[in-house]
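Those protein sequence lines, which keep their order, are chains A and B. For the first sequence, this note's numbering assigns the number 1 to the initial residue and increments by one for each residue that follows. For the second sequence, this note's numbering assigns the number 1001 to the initial residue and increments by one for each residue that follows.
Where hints are given, some of them may not hold.
Claimed, not checked - DSS-like, lysine-lysine: derived pairs with alpha carbons at most 30 angstroms apart:
no.: 1; chain 1: A; residue 1: Lys2; chain 2: B; residue 2: Lys1080
no.: 2; chain 1: A; residue 1: Lys14; chain 2: B; residue 2: Lys1009
no.: 3; chain 1: B; residue 1: Lys1138; chain 2: A; residue 2: Lys14
no.: 4; chain 1: B; residue 1: Lys1004; chain 2: A; residue 2: Lys14
no.: 5; chain 1: A; residue 1: Lys2; chain 2: B; residue 2: Lys1077
no.: 6; chain 1: B; residue 1: Lys1167; chain 2: A; residue 2: Lys2
no.: 7; chain 1: B; residue 1: Lys1166; chain 2: A; residue 2: Lys3
no.: 8; chain 1: A; residue 1: Lys3; chain 2: B; residue 2: Lys1172
no.: 9; chain 1: B; residue 1: Lys1079; chain 2: A; residue 2: Lys14
no.: 10; chain 1: B; residue 1: Lys1138; chain 2: B; residue 2: Lys1079
no.: 11; chain 1: A; residue 1: Lys14; chain 2: B; residue 2: Lys1080
Simulated from the structure, these hints should not be mistaken for lab results.
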Amino acid sequence: MKKYDENIEKEVSKTLMLLDDMSPLELHQQFRVRLMQRVEREFGEGRKGHFTSHVDFRLAFMGLLLFVNLGSAALTLIDGARQTTATISELLDNQSFDYTNQDLAYYDQAASIPAVTETNQTP
Amino acid sequence: MTSKDELFKSLVAEHQEMVINTCYRFVFNREDAEDLAQDVFVELFRSLDQFREEAKLSTWIYRIAVTKSLDHLRRIKRKKRFSSLKRIIGVTDPTEEIAAPGNDNPADALVGNERAAILQEALDSLPDSQKTAFLLSKQEGYSQQEIADILKTSVSAVESLVHRAKKNLHNKLYTYYTEH
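Kindly generate the complete structure, drawing on both the sequences and the hints.
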């Protein structure tokens, strides 16, 4: 029984010795080359892409700002032009109103009087 | 070339061997260790700008190596569980029938080695903290303080973890050899 135990202990220590006997790995000569290729593949494009997308984003944002600025400027101009048109037409209306208004159209008064008298006479 | 690229290249040159060997301790396989080391450095490149000098840069790199290795082991465990489930329900995966690569390369001597497989099985059953502390303590180049920094714990906690890992491993291996 003791011998059996000893044998098992021997097997156990032999197995554990594997870790102590593990010799360090010699580095593969292509390791760094492959690593750099992988980094270039994964991040080279990525970095380029990141940069261009960054630039694209900035350009798009600048474009948007320009569009908003131009839009608001155009709106202000159109509104201003509409107001001007309105003012002119208002002026013209007022002017024509001044001369064609019934209240002031004293020269038509003669024609309108009989109508008023007519209406007054009806009841 | 930017200053980031230059820093990255110097970090790779300085730490590549340590990173590969750390991963190798966990996965027992050269190819996987190299792939993991690449993942570590790619991750390093990605997050180099975010590094805050709360810890040493080397500690940070080795922590990434440990995390990636543990993730890899977890993936393998999941895959194993899934393939055994497939075997139970009678679905076979043709990739499983492809023969494992031979161990012509002395560095791959552990691949296909039965004793190594038994050891790896026993290591896999340990909690991550015990496994990490134990494996790093077995690797040249890591001081107790550095292991403590990687695990974000104290030196005494590392000593305790290594002690418990040794005891657990011994028990598991002893049980295995008693049964087989």
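Tested hints:
Annotation: proposed proximity of A:Lys2 to B:Lys1080 is violated, straight-line Cα distance about 37 angstroms (limit 30 angstroms). Taking the CA atoms of A:Lys14 and B:Lys1009, the gap is about 40 angstroms. The hint is violated against a cut of 30 angstroms. For the hint pairing B:Lys1138 with A:Lys14, the CA-to-CA distance comes to about 15 angstroms; that is within 30 angstroms, so the pair holds. Proximity of B:Lys1004 to A:Lys14 is assessed by CA-CA distance (about 46 angstroms); at most 30 angstroms being required, the pair is judged violated.
A threshold of 30 angstroms between alpha carbons decides the hint, and for A:Lys2 with B:Lys1077 the separation of about 36 angstroms lies outside it, so the pair is violated. Proposed proximity of B:Lys1167 and A:Lys2 is supported: the alpha carbons are some 21 angstroms apart, at most 30 angstroms. Of the pairs offered as hints, the one joining B:Lys1166 and A:Lys3 holds, with about 23 angstroms between alpha carbons and a cut-off of 30 angstroms not exceeded. A C-alpha spacing of about 20 angstroms is found between A:Lys3 and B:Lys1172, which places the hinted pair at or below 30 angstroms, so the restraint holds.
Between B:Lys1079 and A:Lys14 the alpha-carbon distance is near 29 angstroms, which keeps this suggested pair within the 30 angstroms criterion. Restraint check for B:Lys1138 and B:Lys1079: satisfied, since their Cα atoms lie roughly 28 angstroms apart, inside the 30 angstroms limit. In summary, the hint linking A:Lys14 to B:Lys1080 is supported, as the alpha carbons are separated by about 26 angstroms, within the 30 angstroms threshold.
When the structure is compared with the earlier hints, violations turn up for hints 1, 2, 4, 5 and for no others.
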